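**Student:** Spelled out from the first residue to the last, the chains are:
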Amino acid sequence: MHYPIFDLGPMGPSTLIAIVAIIHVVIAQFAVGFGIATPWLEARALRHHDTVLLAFLRRYARFLILFSFVAGAITGVGIWFVIGLISPETISLLLRQFIWAWATEWVLFLVEIISGYIYYFYWDRMEPKTHVRIGIIYGVAAWGSLAVINGILAFMLTPDGWLITRSFWDGWLNAGSWPSLLLRTISSLALAGLFIAVVANLKPEDETEKRRHIINAGSIFLIPLALMLPASIWYFAVSPAPATRLVFGGSVAMTMFLAFGLIASTLIGLFAYWGLLKNRKSVHLETALLLAGIALIATGSVEYVREGIRKPFIVYRYMYANGLTQAEMQEINQSGFFATHPVIADGLDPAQLSPIERGRLIFKGECGRCHAVDGYNAIRPLVETWTPEMIRDNTRQLNRLRGFMPPFAGTSSDLDDLVAFLSTLRSEEWSAVMPRAEIRP
Amino acid sequence: MTPPDPMALPAPAGLLVFLFGLTFVLHLGCLGLLVATLWAKAGAEWGRQSRYDPERLHRAGVMGFSMTITAGVAPLLFVQVLYGKYFYSSSITIGFPWLAIVAYLLVGFYALYLSRWRWDKADGPSASGKALLILAMLMVFAIGFTYSWNHLQSLAAKPWAHRPSHALAARRLLGYGGTALIVSGAWAAWFGQKWRHDGSAPAGTKWALAAGAVLVLLWALISDFTSNNWGQTGRRLQLTAGLLSVICFVLLWSKQRSSEPILPVVQWLSPAAALAGLLGLVFQRESFRLEMLAGDYNSVSQPVRMQWGPFLMFALALVIGLVTLGWMLMHVRRTPE
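If you read the protein sequences in the order shown, they are chains A and B. Our numbering puts the first residue of the first sequence at 1, with every later residue one more than the last. Our numbering puts the first residue of the second sequence at 1001, with every later residue one more than the last.
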């Protein structure tokens, strides 16, 4: 309630966050995987005087600059911008609580970018051993950067002891951070391995045998995908019970997304082992793109689940998805929505507004972070068939009816106003099409 | 027991302001490198003959762009911790134009990258190369403009109800533009010294320094630097930056021919002017913010819950990071071209 609301119209805030976040996660994790895979392969190629692999790695490194550094860094900034616009309370909490982790990550990011550029621009110009070392520095910085951010992201689901102590270490080194780090590392390596298969196929003049050699060398990074399942079991074992229930049947969408992510990852891992490593098969461009596409969707699916199971919270048991802390909710319940002086009502006298207008402001303040009136995750299709009584009853016990929804915060007068506004979204067409059910004695 | 407030400042405001200033100077220093490569590339596209190695210029431009983004993350962190209440509100008030920065960054970088590709394809200047370079320049300007807009928008107790005046916005751009030109002039002087066989001042260096000096001096004279000590220090630094740049210009002008080796005094005076300009900008910015928000917010009086352990982790990472960077740059210097 301390900030204005960014109105995205029918697009809805969650669509924007999802688009930017998934793109960024994929690119950033590719950068980490690249940092581990490339110097390792380069050292191996140097040891075996493998000129084919060395020539390829140099070409592969260009993707780091064009794709990962630029789009990765920019979408990273983009995530900040989007969250700052949509959920400023959350980013404000995460920054104040973990500023030194963010600052440490920035140092690692700086080292990552500079070492990455040196690695690319000084290929063939530096002593090979030094060049590999710079590649290793890049890999360590990239993975370190992932580890730091991972702790903060995992905190949002498993804040654990932080809820009692408010200690940085309790928050950052939470129980969920370790399995989550393992999952992200596996995913990073897999993305690097898949991109090797794609890039190896981008030069049609290369002979098939050369391509096979490169793809086989890169496929080793796909094998850890087979660990996705046990790592996920570990992750859910330390997650809060309501969140785990949501995944295992509580929400069909979550279950489906997780199942898709895990099955796809495991299958790609098995294919890499049996097909690429053991039987030394190759893949052509179309197959490589298909596998990369499946991996991207799997990553997106798992990210969707990670975001989704936190609901109704954005920081578990501390802050709800609408940016209200539990303490603020109590205050609004006691004093009323407008008594807390929300920014969206700044300059307005609530007593002079109609109930519908007040209800619109309450909707904007309490629901607008996730719901639009029309469009994605819209509220109209949800309430258009309801009677005002149903709207009132359902809103009053929202968190009981739908476990992933935050409770309504406000007095009964606030609830009246919200019901008045939501009732304007009801459709008369429905009343005509669907006659009232006859109640037989 | 009520848990302690997680929203207390994680360090004394002075330390956060210092880190903000330091990283902001670094960010603007990298921006200066980017601006320098942009006008040097423009000189190559529109001039009769480029005296730069296009590959070196390309690398400097690409790295300048990336480093400006990377270095820009840190000051944004500290601003959000110190002035989040105003920063988020102003960002939301601006809305889509603020979000558009992400698109400007993407378009700007790829336009810069493609301009080099066009140069290679056409083996020199081309219409499409020029268009791409103009596009990159426009994007950089749009980003600077939007950031300035957000900064001005945030200088009020209620950013959502605040309308910064055009005169104030124009003065801010004058200060930023002038300082960016001086910093880019200093970078160009270094390019000349390091990258050109004859060590001469690249064409345009003296004009960048002169234009930067005029803008900065004008800004220092017509702007409200506030009456507090920080503001006055900011004004003095800006005047120093302007005067040093004028001296550099006169020295370069007196040589008459830009192909002659650059004067060592200019090679050192121009970075001094750049540093003074950047520090002046930071001082002015912060003192103006303090003045504008006085009565509503004072970072010094905020509750503090110092996180010593995490701070030491950051300090250690910084030391290791700097040593690692030093080691890598040492190897880069040793590498033959």
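Derived by calculation from the structure, the hints in this document are not laboratory data. These figures come from a predicted structure and were not determined experimentally. Just to be clear, a hint being listed does not mean it is correct.
[Stated by the list, open to error] Mimicking DSSO-like on lysine-lysine, the simulated pairs with C-alpha atoms at most 30 Å apart in a straight line are:
1) A:LYS364 <-> B:LYS1085
2) B:LYS1158 <-> A:LYS364
3) A:LYS203 <-> A:LYS129
4) B:LYS1085 <-> B:LYS1130
5) A:LYS210 <-> B:LYS1158
6) A:LYS203 <-> B:LYS1121
7) A:LYS210 <-> A:LYS278
8) A:LYS281 <-> A:LYS364
9) A:LYS364 <-> A:LYS278
**Student:** Run every hint past the structure and note whether it holds.
**Tutor:** Here's how the hints hold up against the structure:
A C-alpha spacing of about 19 Å is found between A:LYS364 and B:LYS1085, which places the hinted pair at or below 30 Å, so the restraint holds. Between B:LYS1158 and A:LYS364, the direct Cα distance comes to roughly 19 Å. Compliance with the 30 Å bound is thereby established for this hinted pair. Between A:LYS203 and A:LYS129 the CA atoms are separated by roughly 28 Å; this keeps the pair inside 30 Å, and the hint holds. For the given pair, B:LYS1085 sits about 42 Å from B:LYS1130 by alpha-carbon distance, which is inconsistent with the 30 Å threshold.
Only pairs whose Cα atoms come within 30 Å are accepted, and A:LYS210 paired with B:LYS1158 is rejected, the gap being roughly 63 Å. Distance hint between A:LYS203 and B:LYS1121 is fulfilled; the C-alpha atoms sit about 19 Å from each other, no more than 30 Å. Of the supplied pair hints, the one linking A:LYS210 and A:LYS278 holds, its CA atoms being roughly 17 Å apart against a limit of 30 Å. Using a Cα cut-off of 30 Å, the hinted pair A:LYS281 and A:LYS364 is violated, with the two alpha carbons roughly 56 Å apart.
The hinted pair formed by A:LYS364 and A:LYS278 fails the criterion: a straight-line CA distance of about 57 Å is larger than 30 Å.
Hints 4, 5, 8 and 9, counting from the list given before, are not met by this structure.
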